[in-house]
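> Generate coordinates for the entire structure from the input sequences, incorporating the hints supplied.
One line per chain: the protein sequences are C and F, in this order.
Here the working numbering runs 4 ahead of the position in the first sequence, where the first position is 1.
Here the working numbering runs 4 ahead of the position in the second sequence, where the first position is 1.
Don't read these hints as lab results, they were simulated from the structure.
For each residue, glycine too, the CB sits at the ideal point set by N, CA and C.
Please note that the accuracy of each hint is not assured.
[To be verified] The following label-pair restraints were derived from C-beta to C-beta distances:
#: 1; chain 1: C; residue 1: Pro513; chain 2: F; residue 2: Ile32; range: 49 to 55 Å
#: 2; chain 1: C; residue 1: His451; chain 2: F; residue 2: Ile91; range: 34 to 40 Å
#: 3; chain 1: F; residue 1: Asp578; chain 2: C; residue 2: Leu227; range: 20 to 26 Å
#: 4; chain 1: F; residue 1: Asp583; chain 2: C; residue 2: Pro513; range: 55 to 61 Å
#: 5; chain 1: F; residue 1: Pro59; chain 2: C; residue 2: Val265; range: 50 to 56 Å
#: 6; chain 1: C; residue 1: Gly521; chain 2: F; residue 2: Lys99; range: 37 to 43 Å
#: 7; chain 1: F; residue 1: Ile91; chain 2: C; residue 2: Tyr447; range: 46 to 52 Å
#: 8; chain 1: C; residue 1: Leu591; chain 2: F; residue 2: Pro273; range: 34 to 40 Å
#: 9; chain 1: C; residue 1: Asp578; chain 2: F; residue 2: Lys379; range: 56 to 62 Å
#: 10; chain 1: C; residue 1: Lys469; chain 2: F; residue 2: Asp583; range: 36 to 42 Å
[What the hints assert, rightly or not] Here are some chain F residues the structure puts well away from chain C; computed CB gaps all over 10 Å:
#: 11; residue: Ser86
#: 12; residue: Ser199
#: 13; residue: Pro233
#: 14; residue: Glu246
#: 15; residue: Lys344
#: 16; residue: Lys387
#: 17; residue: Lys402
#: 18; residue: Asn416
#: 19; residue: Phe426
#: 20; residue: Trp439
#: 21; residue: Tyr447
#: 22; residue: His451
#: 23; residue: Lys562
#: 24; residue: Glu584
[To be verified] Calculated Cβ distances over 10 Å to all of chain F for the following chain C residues:
#: 25; residue: Val78
#: 26; residue: Ser109
#: 27; residue: Lys173
#: 28; residue: Asp249
#: 29; residue: Asp284
#: 30; residue: Gly397
#: 31; residue: Tyr447
#: 32; residue: Ala448
Number of protein chains: 2
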Amino acid sequence: MYRTKTCGELRLADVGKEVTLAGWVQRIRKMGSLNFVDLRDRYGITQLVADDNGPVEVLDALKGLGREFVIQAVGTVTERQSKNAKIPTGDIEIKLSCITVLNQSLTPPFTIEDESDGGEDLRARYRYLDLRRNPLKNALMLRHRIAHEVRNYLDAQDFLEIETPYLIKSTPEGARDFVVPSRMNPGQFYALPQSPQQQKQLLMVAGYDRYFQIVRCFRDEDLRADRQPEFTQIDCEMSFVEQEDVLNVFEGMMRTVFKNVLNVEIANPIPRMRWYDAMDNYGSDKPDIRFGMTIHDLTEAAKGKGFSVLDGAEYIGCISVPGCADYTRKQTDELTEFVKRPQVGAKGLIYIKLNADGSVKSSIDKFYSPEDLKKIAEVAEAKTGDLILIMSGDNKRKVQNMLGTLRIEMGNRLGLRNPKEFAPLWVVDFPLLEWDDETNRFYAMHHPFTAPKPEHMEMFYSDKKEDLEAVCANAYDFVLNGTELGGGSIRIHNADVQKRMFEVLGISPEEADYKFGFMINAFKYGAPPHGGLAFGFDRVCALFGGSDSIRDYIAFPKNNTGRDVMIDAPSLIDQVQMDELCIKSVLPESDKK
Amino acid sequence: MYRTKTCGELRLADVGKEVTLAGWVQRIRKMGSLNFVDLRDRYGITQLVADDNGPVEVLDALKGLGREFVIQAVGTVTERQSKNAKIPTGDIEIKLSCITVLNQSLTPPFTIEDESDGGEDLRARYRYLDLRRNPLKNALMLRHRIAHEVRNYLDAQDFLEIETPYLIKSTPEGARDFVVPSRMNPGQFYALPQSPQQQKQLLMVAGYDRYFQIVRCFRDEDLRADRQPEFTQIDCEMSFVEQEDVLNVFEGMMRTVFKNVLNVEIANPIPRMRWYDAMDNYGSDKPDIRFGMTIHDLTEAAKGKGFSVLDGAEYIGCISVPGCADYTRKQTDELTEFVKRPQVGAKGLIYIKLNADGSVKSSIDKFYSPEDLKKIAEVAEAKTGDLILIMSGDNKRKVQNMLGTLRIEMGNRLGLRNPKEFAPLWVVDFPLLEWDDETNRFYAMHHPFTAPKPEHMEMFYSDKKEDLEAVCANAYDFVLNGTELGGGSIRIHNADVQKRMFEVLGISPEEADYKFGFMINAFKYGAPPHGGLAFGFDRVCALFGGSDSIRDYIAFPKNNTGRDVMIDAPSLIDQVQMDELCIKSVLPESDKK
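Written out as C-alpha cells, the structure is:
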C-alpha cells in the first residue's frame, strides 16, 4: 500500500501521528517561508506544509511539482494555524518529512475545479480528467449509493436479481434496435434489448415470483439532451399481484432510498392522481406538483362576448400566475413568443392582469368589460396581483398541454421548482387505448400486454368506440418533480383478454402470431397474474442529485450524435472483421470519401 | 395480492389459520376418499387436501385441474396425518374451502421434476418451463445471493460500482469483437466490450481509487461447453496498491462470500503457489489441490538403461496413483488411449505397478530391472500398491501438461474431486513474457500493461533473452478446484517502463501509438500506481453450486452455435433496418438459399 491514510480522514484527534498519504497535487502555494501543497484523492483534500528550513530533499521535491502530479507524502499530523472550516480535514495539516513523485503530469487542458474553465467538448475528450472534478465524482458516488440501497431494499423484499441476455432478437415493434451481426450464423443478427420486457415476463411464467435487475438498455433513436443510446433501468416484475401491491412495494423502495441516501422523508403515502386529472389540471401526464398554478377551464366563462377566437374554440383554459400582474408589455410579449415557438405551438396568448389597485387590464379589453374579466378571474381562482394567461384551440388536450408547458416555464421564472424539494406522485388510470384518426384504429397506450382495469372489463368487450376509449389500463407512472422516473402495468395473463386486445387493436391472429407468437405460446403453460415496472436509473440519479443532466451521472456518456469522443467510437473496423461477419458497408453517396 | 402466504412458509405453529395460497399444480393424486394437490411456488411446496365429502365446488374444481395449472387455494392449515420430513412444510396441509383456476396450462413437453425426462434441446426451447425445475431455480437463487454478498463486501471496502459503456471501440488486439453498426455514423461500428479493462484503468487515472462492477462481457469466439458469447465478470481495480494489497482484499471477499453464502470456511490464508511450481508439480497453471498425486521429475532417474524413448527425452515425468497397482491390462490400455487422444496428444504411457506382494511389474521390464524400477519408485515417492504413470518428451512443459491432464483424470476416477470441498489457491509469479519461436519474438503473457515485479526490474532492462524470460510479472490468478476463477495484475503506470515493454515486445512507437495511443495519452496526466483483477462470475456461481456447467447458472444461455433457441436469435432482420444502417449481407455461396 502506498499510503497509511486517505486524504479525507485526518482530524484533530490524529495530531502527532506519522502518516503516509498519496494523491494528486491540487494546488501549490507559498506564503512567507511556508510552502503549501493541497493533496487530493477520492476521499478529500489534505494540506501538506514544509517551511523553508525543512529537509532539503522535501524542498527540492516541492520545486519540481506541478498540478495533477501523483505524489506520496510522509509527515506528521499537525494542528493548523489558520483552520479551514469548509473541509472536514481543515483543522490539520501534514508537516512533511518526505515527498516521492509517483508520476508526473502534463498540464491538464482545463482546470480541475468545481467550476472548470474547459468547454463541454474539451472536457468530453478528456473525460478521465473531467471525472476528477468534485461535481462528477459526487454524481458517480451518489449513483453507486442509490444502486446499493435499491438492491438492499429489493433483496429484503425477496426479489431476485436475474441477469437477462444482451444478445436477443430484433422485434418488429417499438423503437429502433441496435443490431449485432452473428459470425456463426451468417446473414443473421442479434438485437440489443430495448428492455428485458419479454424475458422478465418469462421469468414470471417460470415461477420466479419477484425479479429485478439494474440493467443496460439500448435504443437507436435520434438523441436529445436527456437521451442516451444506452441507458440503465431498474427493471422489476412480480407475480400474484394487483396494481395496489406493485405501488406499495415501489413506494416503499423510493421512500427507503430517499431516506437512506438523502435523509429526505418523502410524502407518505405518495399522492396519486388520475391521468385525466393530471391532463386537465396540469396539462401533463407527469405533473410537477411542487407548485400549484393549475389549469382552469374557461370554456364556459369566456365565450359569447363576440371575440371570435374564443367563441370558436372547442376549449379555453388558463393558469393564474401569482403576483405577476405587474408584468410589462415586454414581459408578456416574451411569454407570447415562448408559447409561439414550434416546441409549444400556440397561436397566441391572452392575458388578464388583476392590478394591485383593483383595476383589471387585459389584451382583450375590446371585447370584455372589467366585470366580464372579473368573472373569468373568479373561475380562474385568481387573486389581486395575479396574471391570468389564457390559451384556446380545437383540441382540449393540446391546449392543456401548451398551458402545462407555460406553467412549467412560469414555475421556473418564479423559482418554484427547487431541485432540493422532492414531490413524488403516482399517475394512475391511464386510458388503455388511444384512437388514431389517421389510421382509423386504436393503439395501445403502453403496450399490447397491458391489462385493462378489472372493473372496466365489460366496456373492454363493448363494440362502441366511446366505451373502448373510456377503458382504463392497470398502468401507473412514478413521477418526480415533473419528470417521469418510472412506469409499468399489470400484464394480461389471460388468453381470452389477450385475444380481445389484439382484436381491438386490429391485429389479426396471424399477425399476432408472427409478432408475438413466442410469448403467446409461453403463456399457454400456466402464466401467473403478474405486473411490474421499470425506473429510468440515470434520471433517478440525476434527480436525486438535483440536476437535469443525466450525462453527469454516467461515467462515459455519448454525445448527441451517439459518439464517445474520448475513445473515438464508433469507428471503422478492419475489412477482415467485415468479411468474417459477412457484411458490407453500403454508404450513401454523401458519406463516401 | 392473490395470496396471504407462500407455499414455503407454513409450519405446525400455523395450524388453524385460514390462508390463501397461489401457485402451480405440481401433482394431483387420490388416496381413498382423499384428494391431494401439491401446490408449488418459488418458495416451496404445500399439500392441499379435500375429502370426497368436501364442498362440491372444490371437488368440481379439482376434477378440472392438470399439471402446471395456476390456481389460488383457500383453506385452513391442518396438521398432517402422515408427515413428510423431506420438505419444510411437510408437517401441515391445507384443508380446502375454495379453489380458483387463475390460468390453465397445456401439458408441458417434459416433466417439471428435479430429474426431468426432457432432452437438452427440448428443455432449451422451453427454457421458461425448464427454469421451473428446482436445480435451475436453486442455481439462479444462489447466483443472486453470491452477487449480493460480493456487492456488500466491496461496498464495505469503499469500492464504487461504476457502470462502463457497452458500446465502445473495436480494438485490434485480443479475441474477436462483436460489433454494432452505427446508424448515425454510417460505415462505422461500435464494439461490445470483451472487458472494461481500458475504462477501469481510466477510472483509476480519474482518481476513483476503488472500482468494481458486475458486468457483462462479450467475446465472439467459437464456443466450447463452458464458454458463452456473453458472460459476466466481477471486475475490480484499485489505486495506490501493490500485489499484496490486491490479494488481501479479494481473499477477504472470497472468504466472506463462502462463509455467508455456503457457511464454508475456506483456508486462511489461502495458499499461494508460484507459477513455476504449479507447472512442475501439477502440470497446470490452475492446479486442483484437493488431492496430491503431484508430478515427479524422473529425467535423471530413468535414463541410461538403453530404452531409447526415455534416453532420448528432454524430460521424463510421472505421477504415482495411490492403490492402483492392481489395474488390469484393460485399464492401463484405457489410460494409454486417454493420453493418446488429440486433446492430450501423448505418444504413449509407461506404467510401473508396485504390487501388494512387493513385486514390481512394468511396461518397460525389458530395459529395467526390478531394482531400477524400485529406484524410480523412490524418486516418484510411490508406495506399495501404487501405479506409477510415466510420460516423456522434448518439451518439459508439454509433458508436464499431459501429466497434469492425466492427474485430473485419475483424480476423477478415484473420486478425489469432491465438488462440495473447496480448495482455493493463488497462483503467482507468472512469467512476464513468453518467447515464440515461430515469430521469433516475445509476447506478453497477460497483456502489455502488466507490470514486471519490482525486484526484476533490472533483468527487464537486460538485453539477454534468458534474463527477460526469467522476469516475473506482478500477476496473479485465483484458482478453485482446478478452475481459474479470476486473474489480474498490477499495471504499468510509469511511462519509461511502458516504453521498455513495447520495445521488448517489438512494438514500434508508431505501432504502440496506433494501437494504444489513447491509453498512453491518458497516462500522461498523472496515472496512479494501480492494479486489479476480474472474476468469471458464471464460473464462480457454478463452482459454488458444485457444478461444471455454467449454463445452469445463466437464466437464458446460448447454445454451442451462439443461438438462443428459445427466442430463436439471431435471426434475419428487415431490409429497412439494413438500409438504415447502411449495411448489406454478403453471404458465402454455401449459405445462400
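> Could you run down the list of hints and mark each one as holding or not?
Here is what the structure says about each hint:
1. C:Pro513 x F:Ile32: 49 to 55 Å: 32 Å, violated
2. C:His451 x F:Ile91: 34 to 40 Å: 39 Å, holds
3. F:Asp578 x C:Leu227: 20 to 26 Å: Roughly 22 Å apart at Cβ, these two residues keep to the hinted range, so it holds.
4. F:Asp583 x C:Pro513: 55 to 61 Å: Violated, since aspartate 583 of chain F and proline 513 of chain C (Cβ atoms, about 30 Å apart) do not stay within the stated range.
5. F:Pro59 x C:Val265: 50 to 56 Å: 51 Å, holds
6. C:Gly521 x F:Lys99: 37 to 43 Å: 42 Å, holds
7. F:Ile91 x C:Tyr447: 46 to 52 Å: 48 Å, holds
8. C:Leu591 x F:Pro273: 34 to 40 Å: 59 Å, violated
9. C:Asp578 x F:Lys379: 56 to 62 Å: Check passed, 58 Å falls within 56 to 62 Å.
10. C:Lys469 x F:Asp583: 36 to 42 Å: Between lysine 469 of chain C and aspartate 583 of chain F, where Cβ atoms are some 37 Å apart, the hint holds.
11. Ser86: Holds, since 27 Å exceeds 10 Å.
12. Ser199: Non-interface label on serine 199 of chain F holds, nearest chain C Cβ at 14 Å vs cutoff 10 Å.
13. Pro233: Since the minimum Cβ distance to chain C is about 6 Å, proline 233 of chain F lies within 10 Å and the statement is violated.
14. Glu246: Violated: least Cβ distance 7 Å, not greater than 10 Å.
15. Lys344: Correct as stated: the minimum Cβ-Cβ distance to chain C is 31 Å, above 10 Å.
16. Lys387: Given a closest Cβ separation of 47 Å, the condition holds.
17. Lys402: At about 31 Å from chain C, lysine 402 of chain F clears the 10 Å cut-off, so the statement holds.
18. Asn416: 31 Å, holds
19. Phe426: Fine: 24 Å to the nearest Cβ keeps phenylalanine 426 of chain F off the interface.
20. Trp439: Answer for tryptophan 439 of chain F: holds, closest chain C Cβ roughly 27 Å.
21. Tyr447: Since the minimum Cβ distance to chain C is about 20 Å, tyrosine 447 of chain F lies beyond 10 Å and the statement holds.
22. His451: Answer for histidine 451 of chain F: holds, closest chain C Cβ roughly 17 Å.
23. Lys562: Given a closest Cβ separation of 7 Å, the condition is violated.
24. Glu584: 7 Å, violated
25. Val78: 14 Å, holds
26. Ser109: Since the minimum Cβ distance to chain F is about 4 Å, serine 109 of chain C lies within 10 Å and the statement is violated.
27. Lys173: 4 Å, violated
28. Asp249: 5 Å, violated
29. Asp284: Consistent with the label, aspartate 284 of chain C stays out of reach of chain F, its closest Cβ about 32 Å off (over 10 Å).
30. Gly397: 35 Å, holds
31. Tyr447: Holds: least Cβ distance 20 Å, greater than 10 Å.
32. Ala448: Fine: 21 Å to the nearest Cβ keeps alanine 448 of chain C off the interface.
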